[in-house]
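> What follows is each chain in one-letter form.
2 protein chains.
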Amino acid sequence: MVQYSTPRLDASFAALSDVTRRGVLEQLGRSDASITELADKFHMTLTGMKKHVSVLEEAGLVTTQKVGRVRTCRLGALALEDEMAWLEKYRRLWEARFAALDEIVEELTLKEKIHGRKKHK
Amino acid sequence: MVQYSTPRLDASFAALSDVTRRGVLEQLGRSDASITELADKFHMTLTGMKKHVSVLEEAGLVTTQKVGRVRTCRLGALALEDEMAWLEKYRRLWEARFAALDEIVEELTLKEKIHGRKKHK
Chain A
35 MVQYSTPRLD
45 ASFAALSDVT
55 RRGVLEQLGR
65 SDASITELAD
75 KFHMTLTGMK
85 KHVSVLEEAG
95 LVTTQKVGRV
105 RTCRLGALAL
115 EDEMAWLEKY
125 RRLWEARFAA
135 LDEIVEELTL
145 KEKIHGRKKH
155 K
Chain B
35 MVQYSTPRLD
45 ASFAALSDVT
55 RRGVLEQLGR
65 SDASITELAD
75 KFHMTLTGMK
85 KHVSVLEEAG
95 LVTTQKVGRV
105 RTCRLGALAL
115 EDEMAWLEKY
125 RRLWEARFAA
135 LDEIVEELTL
145 KEKIHGRKKH
155 K
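As given, the protein sequences belong to chains A and B, one line each in that order.
Take the position in the first sequence, starting the count at 1, then add 34; the result is the number in this note's numbering.
Take the position in the second sequence, starting the count at 1, then add 34; the result is the number in this note's numbering.
Pulled out of the complex, with its shape left as it was, chain A reads as follows (with noise of 0.2 Å):
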């Protein structure tokens, strides 16, 4: 089984399991903003839009710098490719769980067919 850095895809599915979060990773996917712009677009005080941008530099998915009074967020390197990985490789467990599961089932089904026919000689 392929191993990922715990600590980090725990950070990251924390970070992306809030509706702004993920909008504010959208948003810095168009174009760098900062804190107050994205407080002004996700209609929230500074200190709110602060902590969620906190949680989103914490797990690597942003980064940020002040210039002056402004702090400006963007994208930071993490192209999400774990958390991806481990998606995809839970899917095809899925699939081949409920292939397996229609598969008894099917057999099942035929089971019960012959019984009853058996039954009705």
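Treat the hints loosely; a few may be bogus.
If chains are identical, the list can't say which one is meant, so a pair holds when it fits in one copy or spans any two.
Stated by the list, open to error - BS3-like cross-link-like pairs, simulated, lysine-lysine; straight-line CA separation at most 30 Å:
1) 100 to 75
2) 100 to 85
3) 84 to 123
4) 75 to 85
5) 100 to 84
Since the hints were made in silico from the structure, they are not lab data.
Source: prediction; values computed, not measured.
Add chain B to chain A, keeping to what the hints say.
Coordinates of chain B only, in the frame set by chain A:
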């Protein structure tokens, strides 16, 4: 922009933000298991494992069924496709953003070179 069911993405990403819960999903991808078996496997108390399983259950990632005194866990109907779609969309944004930044850097480097040459003349 594609719209996803927001509370669902919040719940599923939160469910994935813990290494034990990801491990439980991988385990159930191989075979169904009781809470007791999962607790043993992950060296946890029954109470701790019950909490993890209920987070997974609330996110729709696991279903459980109690027969007698044994509660069996199996994978739920969610294959995490929306979560995967979100990550794919993000990766496209991320790549476009970094390609744009690369272009700016190249342009600046080129300007620098031309400027440098002029200065040396």
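> Could you run down the list of hints and mark each one as holding or not?
Here's how the hints hold up against the structure:
1. Proximity of residue 100 and residue 75 under a CA criterion of 30 Å is satisfied intra-copy only: 20 Å inside one chain copy versus 47 Å between copies.
2. Taking the closest pair of Cα atoms, residue 100 and residue 85 come within 30 Å of each other only inside a single copy of the chain (16 Å); across copies the shortest separation is 41 Å, beyond that limit.
3. In this homomeric assembly, residue 84 and residue 123 come within 30 Å of each other (Cα to Cα) only across copies, at 25 Å, whereas the closest approach inside a single copy is 34 Å.
4. Proximity of residue 75 and residue 85 under a CA criterion of 30 Å is satisfied intra-copy only: 15 Å inside one chain copy versus 36 Å between copies.
5. In this assembly of identical chains, residue 100 and residue 84 lie within 30 Å of each other by CA distance solely inside one copy; the values are 13 Å within and 45 Å between copies.
When held up to the earlier numbered hints, the structure conflicts with none and fits them all.
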